[in-house]
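Number of protein chains: 4
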Amino acid sequence: MIKLGVIGTGRIGKVHIEGIAQLQNASVKTAADPFMNEQTAEWAKSMGVEHTTGDYREILADPEIDGVLICSSTDTHSPISLEAIKAGKHVFCEKPIDHDVKKIKEVIQALKGTKIRYQVGFNRRFDHNFEALQKAVAAGRIGKPEIIKITSRDPEPPSIDYVKVSGGMFLDMTIHDFDMVRFLAGCDAEEIYVQSANLVDPKIGEAGDVDTAVITLKMENGAIAVIDNSRRAAYGYDQRAEVFGSLGMAAVSNDSDSSLVISGGEGVTGEKPQFFFLERYMEAYKKEIRAFVEAIENDRETPLDVYDGLKPVLMGLAADRSRREHRPVRIEEISKEEGIG
Amino acid sequence: MIKLGVIGTGRIGKVHIEGIAQLQNASVKTAADPFMNEQTAEWAKSMGVEHTTGDYREILADPEIDGVLICSSTDTHSPISLEAIKAGKHVFCEKPIDHDVKKIKEVIQALKGTKIRYQVGFNRRFDHNFEALQKAVAAGRIGKPEIIKITSRDPEPPSIDYVKVSGGMFLDMTIHDFDMVRFLAGCDAEEIYVQSANLVDPKIGEAGDVDTAVITLKMENGAIAVIDNSRRAAYGYDQRAEVFGSLGMAAVSNDSDSSLVISGGEGVTGEKPQFFFLERYMEAYKKEIRAFVEAIENDRETPLDVYDGLKPVLMGLAADRSRREHRPVRIEEISKEEGIG
Amino acid sequence: MIKLGVIGTGRIGKVHIEGIAQLQNASVKTAADPFMNEQTAEWAKSMGVEHTTGDYREILADPEIDGVLICSSTDTHSPISLEAIKAGKHVFCEKPIDHDVKKIKEVIQALKGTKIRYQVGFNRRFDHNFEALQKAVAAGRIGKPEIIKITSRDPEPPSIDYVKVSGGMFLDMTIHDFDMVRFLAGCDAEEIYVQSANLVDPKIGEAGDVDTAVITLKMENGAIAVIDNSRRAAYGYDQRAEVFGSLGMAAVSNDSDSSLVISGGEGVTGEKPQFFFLERYMEAYKKEIRAFVEAIENDRETPLDVYDGLKPVLMGLAADRSRREHRPVRIEEISKEEGIG
Amino acid sequence: MIKLGVIGTGRIGKVHIEGIAQLQNASVKTAADPFMNEQTAEWAKSMGVEHTTGDYREILADPEIDGVLICSSTDTHSPISLEAIKAGKHVFCEKPIDHDVKKIKEVIQALKGTKIRYQVGFNRRFDHNFEALQKAVAAGRIGKPEIIKITSRDPEPPSIDYVKVSGGMFLDMTIHDFDMVRFLAGCDAEEIYVQSANLVDPKIGEAGDVDTAVITLKMENGAIAVIDNSRRAAYGYDQRAEVFGSLGMAAVSNDSDSSLVISGGEGVTGEKPQFFFLERYMEAYKKEIRAFVEAIENDRETPLDVYDGLKPVLMGLAADRSRREHRPVRIEEISKEEGIG
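Protein chains in written order, with this note's numbering: chain G, 1 to 341; chain R, 1 to 341; chain W, 1 to 341; chain E, 1 to 341.
The hints are simulated quantities; they were obtained by calculation from the structure and are not laboratory data. Each residue gets a CB set at the ideal place from its N, CA and C atoms; glycine is no exception. Watch out, some of these pointers could steer you wrong.
What the hints assert, rightly or not - Result set (DSBU-like, lysine-lysine): computed pairs, CA atoms no more than 30 Å apart in a straight line:
1. E:Lys29 with R:Lys286
2. E:Lys135 with E:Lys115
3. G:Lys203 with E:Lys336
4. E:Lys105 with E:Lys14
5. E:Lys45 with R:Lys287
6. G:Lys3 with W:Lys14
7. E:Lys14 with R:Lys14
8. E:Lys105 with R:Lys287
9. E:Lys45 with R:Lys3
10. G:Lys286 with W:Lys3
11. G:Lys286 with W:Lys115
Unchecked claim - On the chain R side, residues computed to face chain G include the following (Cβ under 10 Å):
12. Pro79
13. Tyr235
14. Ser263
Claimed, not checked - Footprint (simulated), chain W over chain R, 3 or more residues, beta carbon under 8 Å:
15. 192 to 201
16. 205 to 216
17. 225 to 234
18. 276 to 289
19. 318 to 329
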């Protein structure tokens with residue numbers, strides 16, 4: 001029985017607590033949140049959480065706890081990672097580890113020589129659709145990948161306040177797609193070119209960000225990838241991907257609430273894609289934690305280690321530079337500046 | 001070069017004239033219609049028809065003409081068939097040959113000992129979807145057929161005047177599905193049970209007919225078939241079929257004008273099925289005539305001979321009796337009474 | 001907090017225990033099974049079950065327990081229902097209550113004058129697809145229902161031993177579809193006609209049963225319904241439905257594990273329908289228990305009461321008679337004989 | 001009755017002759033080809049062509065002929081255009097007018113002050129799918145366009161001999177997509193960035209060309225467009241497009257020969273996209289000629305004038321430069337150099 005601590009009981013922390021409640025080989029001993037209140041504490045108890053607290057250091061100090069889930073605000077991911085590693089806890093860290101590569105390097109450094117299992121929370125790899133797609137590609141069903149296409153559009157833009165602290169669309173939203181393109185291609189990107197615009201809400205532009213983008217990537221295996229992003233899709237959360245190769249094409253499309261189709265005078269109408277990311281990816285969130293628990297239990301590598309957390313950040317920085325300088329940017333250019341390998 | 005005469009230049013006669021215009025191995029020498037007028041004559045000329053007339057006997061008397069298409073009103077199908085056979089012409093006869101089995105028997109009798117090629121106009125067998133379905137079944141791709149389902153719904157009911165002379169829904173509309181079920185099963189029906197209702201328009205009921213039906217058939221190969229009919233589908237002309245067998249299922253669905261799909265706040269909407277049977281089956285009409293011409297050219301059997309014209313009429317009569325007597329009716333019961341087989 | 005007892009910890013009992021573990025307003029106090037063993041007991045404990053036993057009477061005798069789930073073998077459903085009602089427990093009873101209408105009548109009798117909430121386990125009503133379909137129909141989106149079609153095909157036939165005690169396909173398998181047709185039509189059936197066959201496995205025929213059927217129903221609202229069943233679909237568990245009405249058509253199709261589609265030299269291939277009914281309907285099983293708990297909690301009617309358990313049995317008996325006597329059978333004929341209504 | 005001359009009776013010339021045979025308001029008086037032979041002449045006759053010749057100048061000299069179709073080899077498009085304009089004939093010219101902008105400018109110059117109708121053969125605009133998509137976008141059904149995606153993949157690469165004289169993939173193949181993106185966006189492109197590769201056949205690379213590309217475009221209306229190309233799709237001719245906008249998304253997908261879907265042990269398999277471009281776009285070829293004839297008949301603008309022929313060539317040149325210099329290239333950069341605008 002793996003004992004876990006959950007740091008941060010906001011939206012995503014709650015999702016993970018619910019997921020762990022369904023596992024037979026793991027339980028949450030302690031959930032911590034600086035804003036812990038009675039309501040959350042009671043809910044946590046009903047989910048089998050033994051103990052709640054306002055101070056995550058209780059978790060780190062508890063010798064019974066094997067691993068921690070860092071679900072607190074983005075700016076705390078890397079410092080708490082460092083503390084948790086120091087305390088000898090296995091770490092599941094929500095994405096991104098940090099927007100600052102130096103801080104990720106500190107985490108990498110801290111992990112060296114330890115037996116700590118570190119997993120970063122790119123949940124989409126555990127989604128039934130993307131998992132099936134990756135498996136089909138890895139199994140060679142479409143031959144050698146040549147063109148990879150990812151469509152990733154949010155149903156609605158975040159608040160302008162959030163936009164301002166988000167690190168920009170590429171590090172906040174596209175970062176998931178950067179991970180996905182690595183997952184599907186089975187290799188890293190070499191170069192990125194961004195064509196982006198501010199079309200959804202002028203306030204996003206005023207905040208210095210973009211909301212619409214088409215991002216072209218050259219992958220190390222020779223494939224060309226393209227990601228298209230929008231911060232607002234009127235029909236819901238649009239999450240599709242397609243891999244084209246020498247023997248054919250594999251593609252996955254959106255999930256909807258039901259298969260209901262109505263044929264009437266206006267046409268033949270099916271349901272919209274699911275709107276809310278938590279609904280869309282609920283099963284994926286459960287599966288990523290199951291994978292983390294299994295990595296601890298069996299003392300084996302997590303499916304998404306700290307380098308899988310680093311690479312999409314480098315890609316995000318390259319994308320940002322491409323946008324600003326309006327030219328293709330090699331990932332190497334960023335890694336060298338950041339003093340990476 | 002096969003020379004043809006077209007008898008009847010209404011809607012369907014025109015379709016066939018257009019189809020023949022695209023053939024390289026056939027042409028229409030004469031088109032006849034009691035209501036032939038200048039406009040039609042001119043149109044016919046532009047379609048390469050050499051000659052037009054008010055009297056179809058000119059066609060029968062013309063030694064240059066190899067075959068005739070009988071596209072006149074239903075009540076004339078069998079008498080003109082007899083005349084044409086007597087005149088030594090190959091015959092393409094629109095469905096049904098007759099509602100009266102005795103008259104079909106006369107046609108069968110007249111054909112005996114001749115070298116005349118006779119084809120009946122069940123156009124749907126030549127439709128790209130139904131043809132692909134039949135081929136898949138005949139090739140054994142779904143194993144032994146066990147359940148055959150046909151959905152056949154008209155976009156809107158015919159006029160009440162037409163309903164009154166139509167012979168009833170089973171002989172007028174379902175007759176196509178009776179042919180289709182024979183085509184897909186590759187054998188004849190043994191027994192029919194009808195559950196029908198008058199739900200679309202009370203005037204249809206007042207005229208003694210039904211407009212909605214589910215018809216169950218036991219086929220000679222052991223498969224069970226079911227046809228569902230409606231005289232009015234709000235979303236267009238609904239023409240689907242599915243064959244389920246020991247190794248799987250093969251199904252075909254509707255054609256629409258384009259593959260356009262719009263995703264919006266209301267859902268994900270594709271186009272309706274095509275509305276009009278002439279539009280839906282235009283290519284099938286062309287292909288059936290091509291097959292007729294090829295049968296003449298190569299002196300071989302037509303794909304749909306006079307017995308293929310007879311059987312669906314027997315099925316329609318059985319269906320009608322099942323409806324009136326509210327019990328399953330064996331086809332044999334009808335054939336014996338009609339002195340067949 | 002509603003306290004429940006689960007009687008029978010076979011496949012379906014376990015599913016319900018898992019479902020209840022995710023509820024915040026209910027828990028399983030005791031799980032009983034004559035074959036209770038250590039392994040099951042341990043599993044139950046991990047699922048939050050407080051106590052396990054070999055004797056279900058412990059549950060009935062426990063004043064703390066509000067309601068019971070009867071998940072034991074079919075022959076025990078009605079006797080344990082009677083005991084549970086006598087003990088004042090709310091009852092969730094797996095389908096069917098009994099194959100013998102007299103015994104169902106005893107349950108109805110026993111419920112009279114009590115405040116006991118009784119729910120029968122027709123899980124499919126809680127499936128996301130069928131629920132969406134029923135809602136669309138009930139909301140009038142397709143107008144007045146005219147033709148209802150249900151396709152229900154199992155992936156593989158049960159063992160011959162099971163077939164022999166199953167009560168026949170209509171009471172064992174089609175019973176779900178009889179419930180579904182009532183759910184979708186929003187009314188009862190008046191008459192049933194069966195065309196059935198033994199095509200899948202001759203041993204099923206030798207056991208006196210059929211494995212393939214097309215069942216036509218006349219509904220009280222005038223609609224015609226048709227169910228097609230097979231005990232073996234090579235491509236998985238086939239669960240579809242379509243309701244056609246005056247304004248259009250609503251249809252639901254199968255669920256698959258993912259939306260993966262592979263385009264290659266052989267065609268464009270998507271995933272098969274999910275194979276296993278527990279996988280396919282897992283969420284529905286959870287939702288039906290949630291509904292049962294809510295009925296207890298709020299002292300309101302269950303969504304599927306004892307009469308909803310009775311009606312499909314009457315339909316099954318009518319279907320069986322139609323099959324044996326090869327004629328349409330009115331439900332009234334059966335109910336009168338059984339002294340109902 | 002519009003009288004036409006067809007110059008070049010290769011594959012595409014034949015398609016147009018067949019199309020014209022079905023028109024009531026036009027006919028082919030003369031078909032010319034330097035390699036005219038008996039077989040072609042006979043075939044032409046059967047298609048209603050009055051006269052065949054080896055010398056296209058006969059067509060230009062014939063005062064009865066209203067317009068010509070230039071279906072000869074690419075290098076002759078612009079010189080014959082000039083001759084035809086000089087001869088006062090309306091011109092339908094297959095794409096591209098020329099790879100050399102100077103020569104297109106000569107055609108533009110020659111047209112000035114004349115009443116000649118000039119149409120360039122970008123057939124895809126007349127395809128039922130793309131036409132429906134464009135209409136939906138133009139009608140505002142998806143709001144303001146923001147992201148336009150075109151997938152255009154050939155089933156198999158052309159011969160290396162053809163590759164060498166093709167002008168490169170961008171001018172030979174992508175040129176259709178450049179036209180399509182203008183059609184869908186309703187405006188011109190401002191800037192192009194190419195990421196391309198030689199993945200399909202090394203011989204294509206040796207010939208100095210690429211066979212795989214992702215091309216990003218900034219459109220004048222602010223939308224971002226992306227085209228992905230491959231010279232070889234194992235599953236057929238892949239021709240799709242999607243326009244995403246402020247109110248939703250409109251998309252069109254491939255046509256297949258039938259709607260047949262087979263569900264079996266391996267999955268649920270539909271037909272591949274049609275393989276051959278002539279089959280896929282047959283109706284579009286007919287419709288573009290119908291539009292040309294109507295433009296002549298009604299003395300109105302053709303739907304695709306000489307500038308619509310010029311712009312995609314400029315885009316192709318920009319794409320080529322982007323590929324060679326590995327940077328985004330503004331269309332303006334090319335036009336200025338070519339002395340346009």
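For the stretch 276 to 289 of chain R, count the residues whose Cβ lies under 8 Å from any Cβ of chain W; is that count three or more?
n = 0 at 8 Å, threshold three: violated.
At a Cβ distance under 8 Å, does chain W reach at least three residues of the stretch 205 to 216 of chain R?
holds (count 4)
Within a Cα-Cα threshold of 30 Å, do Lys14 (chain E) and Lys14 (chain R) meet the stated pairing?
holds, 26 Å
Do at least three Cβ atoms from the stretch 318 to 329 of chain R come closer than 8 Å to Cβ atoms of chain W?
This one holds; 3 residues, not fewer than the three required, reach chain W with a Cβ under 8 Å.
Quick one, are Lys29 (chain E) and Lys286 (chain R) close enough, alpha carbons at most 30 Å?
holds, 26 Å
30 Å limit on alpha-carbon distance, applied to hinted pair Lys45 (chain E) and Lys287 (chain R)
Satisfied, since the Cα-Cα distance of roughly 23 Å is no more than 30 Å.
For the pair supplied as a hint, Lys203 (chain G) and Lys336 (chain E), confirm whether the alpha-carbon distance does not exceed 30 Å.
violated, 36 Å
Satisfaction of hint between Lys115 (chain W) and Lys286 (chain G), Cα-Cα up to 30 Å:
Not satisfied, since the Cα-Cα distance of roughly 40 Å exceeds 30 Å.
30 Å limit on alpha-carbon distance, applied to hinted pair Lys105 (chain E) and Lys287 (chain R):
Measuring from Cα to Cα gives roughly 47 Å; hence the hint is violated.
CA of Lys135 (chain E) to CA of Lys115 (chain E), is that 30 Å or under?
Within the cut-off at roughly 29 Å; holds.
Hint validation: Ser263 (chain R) versus chain G, beta carbon distance must be below 10 Å. Holds or violated?
This hint holds: Ser263 (chain R) lies near chain G, its Cβ roughly 4 Å from the closest one there, short of 10 Å.
8 Å C-beta criterion, at least three residues: is the stretch 225 to 234 of chain R covered by chain W:
That given contact holds, which follows from 7 residues of the stretch 225 to 234 of chain R lying within Cβ reach (below 8 Å) of chain W.
The structure is inconsistent with the numbered hints 3, 8, 11, 12 and 18, although it conforms to all the rest.
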